[in-house]
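Novice: Protein chains in written order, with my numbering: chain W, 457 to 992; chain A, 457 to 992.
In case anyone wonders, no lab produced these hints; they're calculated from the structure. Incorrect hints may appear among the rest.
Note that identical chains are pooled: a pair holds if it fits in a single copy or bridges any two copies.
Calculated cross-link-like contacts (lysine-lysine; reagent style BS3-like; alpha-carbon spacing at most 27 angstroms) [said to hold, decoys possible]:
id: 1; residue 1: K978; residue 2: K922
id: 2; residue 1: K766; residue 2: K852
id: 3; residue 1: K934; residue 2: K954
id: 4; residue 1: K950; residue 2: K933
id: 5; residue 1: K834; residue 2: K585
id: 6; residue 1: K834; residue 2: K477
id: 7; residue 1: K789; residue 2: K477
id: 8; residue 1: K477; residue 2: K796
id: 9; residue 1: K718; residue 2: K518
id: 10; residue 1: K796; residue 2: K718
id: 11; residue 1: K974; residue 2: K933
id: 12; residue 1: K766; residue 2: K718
id: 13; residue 1: K885; residue 2: K950
id: 14; residue 1: K718; residue 2: K789
id: 15; residue 1: K514; residue 2: K718
id: 16; residue 1: K852; residue 2: K885
id: 17; residue 1: K834; residue 2: K600
id: 18; residue 1: K885; residue 2: K766
Protein chains: 2
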Amino acid sequence: MLGAMQDWDLRVTRLIDHAAKEQGGREIVTRWADGSETRTNWAGVRQDALKMAQALRKLGIKPGDRVATLAMNHARHLVSWYGVVGAGGVLHTVNPRLFDDQLEYIANHAEDQVLLYDAAFAPLVERMKPKWITIRHYICFDGKPDGSPGSEFEHWIGAEDGDTDWTPGDERDPAMLCYTSGTTGNPKGVLYEHRSTMLHAITGLQPAIFDMDATTVMLPVVPMFHAASWGLPWSGAAAGIKFVFSAVNDAAVLCDLMNREKVTHSAGVPTVWLATFQHMDATGATLNTLRHAIIGGSAAPRFMLERLMKAGINVAHAWGMTETSPIGTTGAKTFDWDDKTFEEQLDIKQMQGRVPFGVELRTVDLDDPSVVLPRDGKASGALQVRGPWIIKRYFKAEAEAVDAEQWFDTGDVGILHPDGTLQLTDRTKDVIKSGGEWISSVELENAAIGHPAVAEAAAIGIYHPKWDERPILVVVKKPGAEVSPDEIKAHLAKSVAKWWLPDAVEFVDAIPHGATGKISKKDLRDQFSDYKLVDA
Amino acid sequence: MLGAMQDWDLRVTRLIDHAAKEQGGREIVTRWADGSETRTNWAGVRQDALKMAQALRKLGIKPGDRVATLAMNHARHLVSWYGVVGAGGVLHTVNPRLFDDQLEYIANHAEDQVLLYDAAFAPLVERMKPKWITIRHYICFDGKPDGSPGSEFEHWIGAEDGDTDWTPGDERDPAMLCYTSGTTGNPKGVLYEHRSTMLHAITGLQPAIFDMDATTVMLPVVPMFHAASWGLPWSGAAAGIKFVFSAVNDAAVLCDLMNREKVTHSAGVPTVWLATFQHMDATGATLNTLRHAIIGGSAAPRFMLERLMKAGINVAHAWGMTETSPIGTTGAKTFDWDDKTFEEQLDIKQMQGRVPFGVELRTVDLDDPSVVLPRDGKASGALQVRGPWIIKRYFKAEAEAVDAEQWFDTGDVGILHPDGTLQLTDRTKDVIKSGGEWISSVELENAAIGHPAVAEAAAIGIYHPKWDERPILVVVKKPGAEVSPDEIKAHLAKSVAKWWLPDAVEFVDAIPHGATGKISKKDLRDQFSDYKLVDA
Numbered sequence: 457m458l459g460a461m462q463d464w465d466l467r468v469t470r471l472i473d474h475a476a477k478e479q480g481g482r483e484i485v486t487r488w489a490d491g492s493e494t495r496t497n498w499a500g501v502r503q504d505a506l507k508m509a510q511a512l513r514k515l516g517i518k519p520g521d522r523v524a525t526l527a528m529n530h531a532r533h534l535v536s537w538y539g540v541v542g543a544g545g546v547l548h549t550v551n552p553r554l555f556d557d558q559l560e561y562i563a564n565h566a567e568d569q570v571l572l573y574d575a576a577f578a579p580l581v582e583r584m585k586p587k588w589i590t591i592r593h594y595i596c597f598d599g600k601p602d603g604s605p606g607s608e609f610e611h612w613i614g615a616e617d618g619d620t621d622w623t624p625g626d627e628r629d630p631a632m633l634c635y636t637s638g639t640t641g642n643p644k645g646v647l648y649e650h651r652s653t654m655l656h657a658i659t660g661l662q663p664a665i666f667d668m669d670a671t672t673v674m675l676p677v678v679p680m681f682h683a684a685s686w687g688l689p690w691s692g693a694a695a696g697i698k699f700v701f702s703a704v705n706d707a708a709v710l711c712d713l714m715n716r717e718k719v720t721h722s723a724g725v726p727t728v729w730l731a732t733f734q735h736m737d738a739t740g741a742t743l744n745t746l747r748h749a750i751i752g753g754s755a756a757p758r759f760m761l762e763r764l765m766k767a768g769i770n771v772a773h774a775w776g777m778t779e780t781s782p783i784g785t786t787g788a789k790t791f792d793w794d795d796k797t798f799e800e801q802l803d804i805k806q807m808q809g810r811v812p813f814g815v816e817l818r819t820v821d822l823d824d825p826s827v828v829l830p831r832d833g834k835a836s837g838a839l840q841v842r843g844p845w846i847i848k849r850y851f852k853a854e855a856e857a858v859d860a861e862q863w864f865d866t867g868d869v870g871i872l873h874p875d876g877t878l879q880l881t882d883r884t885k886d887v888i889k890s891g892g893e894w895i896s897s898v899e900l901e902n903a904a905i906g907h908p909a910v911a912e913a914a915a916i917g918i919y920h921p922k923w924d925e926r927p928i929l930v931v932v933k934k935p936g937a938e939v940s941p942d943e944i945k946a947h948l949a950k951s952v953a954k955w956w957l958p959d960a961v962e963f964v965d966a967i968p969h970g971a972t973g974k975i976s977k978k979d980l981r982d983q984f985s986d987y988k989l990v991d992a
Numbered sequence: 457m458l459g460a461m462q463d464w465d466l467r468v469t470r471l472i473d474h475a476a477k478e479q480g481g482r483e484i485v486t487r488w489a490d491g492s493e494t495r496t497n498w499a500g501v502r503q504d505a506l507k508m509a510q511a512l513r514k515l516g517i518k519p520g521d522r523v524a525t526l527a528m529n530h531a532r533h534l535v536s537w538y539g540v541v542g543a544g545g546v547l548h549t550v551n552p553r554l555f556d557d558q559l560e561y562i563a564n565h566a567e568d569q570v571l572l573y574d575a576a577f578a579p580l581v582e583r584m585k586p587k588w589i590t591i592r593h594y595i596c597f598d599g600k601p602d603g604s605p606g607s608e609f610e611h612w613i614g615a616e617d618g619d620t621d622w623t624p625g626d627e628r629d630p631a632m633l634c635y636t637s638g639t640t641g642n643p644k645g646v647l648y649e650h651r652s653t654m655l656h657a658i659t660g661l662q663p664a665i666f667d668m669d670a671t672t673v674m675l676p677v678v679p680m681f682h683a684a685s686w687g688l689p690w691s692g693a694a695a696g697i698k699f700v701f702s703a704v705n706d707a708a709v710l711c712d713l714m715n716r717e718k719v720t721h722s723a724g725v726p727t728v729w730l731a732t733f734q735h736m737d738a739t740g741a742t743l744n745t746l747r748h749a750i751i752g753g754s755a756a757p758r759f760m761l762e763r764l765m766k767a768g769i770n771v772a773h774a775w776g777m778t779e780t781s782p783i784g785t786t787g788a789k790t791f792d793w794d795d796k797t798f799e800e801q802l803d804i805k806q807m808q809g810r811v812p813f814g815v816e817l818r819t820v821d822l823d824d825p826s827v828v829l830p831r832d833g834k835a836s837g838a839l840q841v842r843g844p845w846i847i848k849r850y851f852k853a854e855a856e857a858v859d860a861e862q863w864f865d866t867g868d869v870g871i872l873h874p875d876g877t878l879q880l881t882d883r884t885k886d887v888i889k890s891g892g893e894w895i896s897s898v899e900l901e902n903a904a905i906g907h908p909a910v911a912e913a914a915a916i917g918i919y920h921p922k923w924d925e926r927p928i929l930v931v932v933k934k935p936g937a938e939v940s941p942d943e944i945k946a947h948l949a950k951s952v953a954k955w956w957l958p959d960a961v962e963f964v965d966a967i968p969h970g971a972t973g974k975i976s977k978k979d980l981r982d983q984f985s986d987y988k989l990v991d992a
């Protein structure tokens with residue numbers, strides 16, 4: 457041995473140890489579904505997590521065993537994250553919005569041993585119990601099975617004294633399991649490791665991502681069951697921030713909480729901001745302390761970014777997925793930010809931003825993945841990613857999810873700009889191939905919803921004997937609005953190339969959606985499988 | 457295998473790969489000793505580092521071999537950091553301010569094979585060459601041995617094409633070697649690993665430390681030969697910042713560079729700020745773009761922090777040492793920062809701040825290290841530290857530098873406050889033990905230099921048969937100033953306890969200093985080894 461630095465394994469329990477020791481009194485506030493509010497702090501969360509680790513061991517949970525949660529955002533859910541990994545277990549956060557057959561599949565596939573759930577999901581749990589064959593114990597976070605007052609979870613961990621140590625293990629042990637909702641086939645499990653989680657958590661602190669320090673007060677709207685809640689419960693402990701959780705996502709509740717608790721940071725999908733704006737416009741409410749908003753999950757419209765930026769809020773428009781832990785890119789300031797006009801800044805923020813250190817991106821030809829495309833701001837191709845918190849192999853999969861050089865194909869279609877900015881244009885499965893060229897279904901849809909009579913629009917490719925595929929646009933009109941196919945085409949022609957214009961516009965009453973609220977192109981294509989184009 | 461995230465070793469060459477790819481055009485500016493300025497960028501630094509790796513291999517450098525630099529801050533020095541580690545070598549940054557016997561010792565102890573040096577240090581190199589027995593090659597960064605124009609370094613790497621890969625290795629391989637100047641005995645080498653360096657680099661990005669993103673323009677005044685330049689060359693690449701280097705530390709040059717290059721961040725020791733303030737006061741110069749100043753190396757006086765804070769600059773008053781890579785604590789904002797008065801904020805900034813995630817601190821009793829002291833803001837004890845970028849064993853040492861639980865004794869004496877804030881009070885070797893109680897030499901000195909007639913002061917303990925030790929104060933008067941011992945004692949009595957007052961005040965023409973500019977208490981104690989107290 458020549459000399460050395462200290463041995464220090466990247467185990468996520470170190471995060472809660474740090475938060476409890478260095479920011480032990482920093483509050484964790486919960487606004488529960490019933491309107492009540494409770495407060496704990498990092499020291500309290502750690503103590504409860506230690507008790508929970510003891511309680512899990514008594515239930516027979518051994519290192520590597522999966523423990524599931526079916527819950528909204530609250531302090532007990534946070535305790536369970538650290539309690540499960542602290543006992544050496546693997547935390548499986550189940551998305552309650554999944555369909556029953558998906559819920560059945562993932563709990564059985566994960567071989568979950570214990571399920572912790574919110575009282576609000578009790579009907580779902582009762583319905584699924586007969587189908588879940590591995591779950592041995594059900595524990596309610598905010599209710600008791602007999603309906604008496606109190607929390608079964610608190611009662612359960614309350615029997616322990618917390619006088620224990622975290623279960624030790626290797627830094628490449630699994631820590632957490634999240635399933636993708638999956639547009640085709642069964643959901644697939646992404647198994648995060650202690651090491652990947654830790655590198656992701658520390659990376660998240662930087663100004664270009666979550667911008668966290670001791671002054672941060674974060675209200676994460678992104679659910680704890682969605683893509684590891686973007687890693688916030690881990691990064692938040694590393695910085696010892698104050699968390700404000702709401703078990704309901706009502707805009708009035710969120711606005712009130714943000715102002716009362718002096719929330720500085722929020723993170724959520726665009727639809728949350730839409731509802732928040734509506735509430736603000738209706739009531740005159742303002743957000744007085746917010747300074748950093750992370751928006752991800754799907755693309756944020758320009759007016760949303762503009763409104764937040766004009767309110768002095770730093771917007772980090774982000775891209776990531778369950779398979780990427782999920783930090784992929786964030787729309788952080790470019791080096792020449794202050795030299796740009798507001799409109800130029802908005803143009804940049806509308807795209808998906810750039811990678812932090814650790815993540816690599818490339819695009820490859822949609823027809824021939826061996827051809828790597830240039831970062832020229834023009835070439836559109838299949839987006840691939842690699843890095844220390846990117847998936848290598850799905851849970852229980854027989855084969856790697858990556859190629860020989862560890863590139864993971866995201867299923868997204870995008871353009872890389874010379875400065876590394878990612879501009880997502882479509883999903884690989886949804887992009888429409890016409891005459892050897894590609895048409896972005898998303899760009900057609902975005903252009904269509906700009907028409908005042910259009911409530912929702914979806915573009916899909918229909919078989920064409922000459923062109924391979926041609927786009928049609930499926931439109932839901934706004935209540936009471938009238939518009940003709942030609943009027944919509946004329947509107948589209950203002951912003952897309954002529955050969956992109958759909959061969960037909962079909963009006964429907966509703967467009968199908970998947971479990972996460974996104975349009976289900978697969979169901980739509982099934983619906984239009986017998987559709988014939990007029991000239992075909 | 458249940459499932460997995462990607463394999464991704466923590467090798468520091470990933471930093472330069474990222475910077476070159478994602479911020480390749482971001483400038484690296486150098487103001488050279490001769491007044492000329494050059495510009496390169498991250499892509500250029502990487503290309504040159506690849507060429508240098510090829511050139512080093514041709515010189516026979518193999519993985520683990522040590523390559524030394526004796527240089528100020530400039531882009532070629534930065535290239536050499538990545539070039540050496542890229543060839544699998546260990547970068548040894550030599551402090552040119554060391555004494556000859558120390559310079560002789562460390563180069564031979566490190567078994568340096570190659571030395572890269574600035575022309576300004578050519579006389580030193582010529583003087584030392586006969587004593588350096590392992591160095592086979594000398595290469596000048598900014599001159600040629602025959603005195604002809606140009607750079608020997610550029611000529612040397614210019615013979616290569618850069619068409620190579622970084623030498624692979626394990627993440628726990630050594631990457632860098634820094635020697636402590638050492639107040640007693642020979643200097644000791646701290647061997648940083650790729651892994652420790654990477655965790656340190658990513659940690660440094662967060663707002664509470666270097667607060668770096670793509671908009672950052674950093675002028676690091678801290679030399680690249682001092683404590684790994686606080687890790688800035690590594691963190692800066694992770695964020696792809698613009699660097700502005702100056703090979704001279706003249707205040708006029710630094711002020712001019714900061715304004716012309718729109719510097720947002722700086723990092724340096726307090727004396728640099730003193731000189732900068734003097735220059736600003738003399739010329740009316742202002743710092744127009746600076747927003748974040750990291751101050752470390754020694755304690756910053758209150759008026760310095762006050763002046764920077766009043767100018768709207770966020771000050772991170774930091775503590776660390778070569779053995780801690782060096783991030784230990786930074787004086788970041790507390791969670792309740794905005795509720796504090798300016799004076800309260802200043803009180804906090806005057807202390808050494810709090811740990812980031814990764815670092816743990818504790819204080820133990822000076823007499824009995826098995827007694828861990830409470831974090832009560834009162835108990836003063838020996839400061840111990842541990843974490844992933846903290847030393848375990850000195851280079852070539854026979855024994856660990858830490859105890860069984862990996863605690864490293866820093867040699868500092870400090871107080872830990874309930875919120876984790878570190879307040880340094882002395883060095884273990886300098887604290888004065890009187891009647892079983894401890895007197896801080898640093899506090900006595902700080903009180904003394906508050907007297908208008910005192911230029912410099914040092915307190916040391918002198919043997920006393922009854923009290924074990926009693927303090928005396930050694931004072932250098934300001935030119936032309938007159939003051940009596942009693943006047944100084946009366947001044948001290950305003951801020952320290954009566955029993956702390958020195959038994960004697962001795963006036964001298966000069967106080968001895970060590971290689972890093974700090975007072976050498978060891979030499980002072982030698983000087984006063986025969987001193988007898990009047991009542992002893």
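Novice: Hints first: check each against the structure and report whether it holds.
Specialist: Hints and how they fare:
In the homo-oligomer, the alpha carbons of K978 and K922 lie at most 27 angstroms apart inside one protomer (23 angstroms), although the nearest pairing across protomers, at 90 angstroms, exceeds that limit. For the homomeric pair K766 and K852, neither the shortest alpha-carbon distance inside one copy (47 angstroms) nor that between copies (59 angstroms) is at most 27 angstroms. In this assembly of identical chains, the alpha carbons of K934 and K954 lie at most 27 angstroms apart only when taken from the same copy (26 angstroms versus 83 angstroms across copies). Only within a single protomer do K950 and K933 lie at most 27 angstroms apart by alpha-carbon distance; the minimum there is 20 angstroms, versus 81 angstroms between protomers.
In this assembly of identical chains, K834 and K585 lie within 27 angstroms of each other by CA distance neither inside one copy nor across copies; the values are 51 angstroms within and 57 angstroms between. In this assembly of identical chains, K834 and K477 lie within 27 angstroms of each other by CA distance solely across copies; the values are 18 angstroms between and 50 angstroms within a copy. Taking the closest pair of Cα atoms, K789 and K477 come within 27 angstroms of each other only across two copies (17 angstroms); inside a single copy the shortest separation is 33 angstroms, beyond that limit. Taking the shortest Cα distances, K477 and K796 sit within 27 angstroms of each other only across copies (23 angstroms), while inside one copy they are farther apart (43 angstroms).
Taking the closest pair of Cα atoms, K718 and K518 never come within 27 angstroms of each other, the shortest separation being 41 angstroms inside a single copy and 56 angstroms across copies. Proximity of K796 and K718 under a CA criterion of 27 angstroms is satisfied inter-copy only: 16 angstroms between copies versus 31 angstroms inside one chain copy. Within a single copy, K974 and K933 get their C-alpha atoms as close as 18 angstroms, which meets the 27 angstroms cut-off; across copies the closest is 77 angstroms, which misses it. In this assembly of identical chains, K766 and K718 lie within 27 angstroms of each other by CA distance both inside one copy and across copies; the values are 20 angstroms within and 25 angstroms between.
Proximity of K885 to K950 under the C-alpha cut-off of 27 angstroms is restricted to the intra-copy arrangement: shortest distance 26 angstroms within a copy versus 78 angstroms between copies. In the homo-oligomer, the alpha carbons of K718 and K789 lie at most 27 angstroms apart both inside one protomer (25 angstroms) and across protomers (16 angstroms), since each shortest distance falls under that limit. For the homomeric pair K514 and K718, neither the shortest alpha-carbon distance inside one copy (40 angstroms) nor that between copies (61 angstroms) is at most 27 angstroms. Taking the closest pair of Cα atoms, K852 and K885 come within 27 angstroms of each other only inside a single copy of the chain (24 angstroms); across copies the shortest separation is 58 angstroms, beyond that limit.
In this assembly of identical chains, the alpha carbons of K834 and K600 never lie at most 27 angstroms apart, being 58 angstroms within a copy and 47 angstroms across copies at closest. Taking the shortest Cα distances, K885 and K766 never come within 27 angstroms of each other, neither inside one copy (36 angstroms) nor across copies (57 angstroms).
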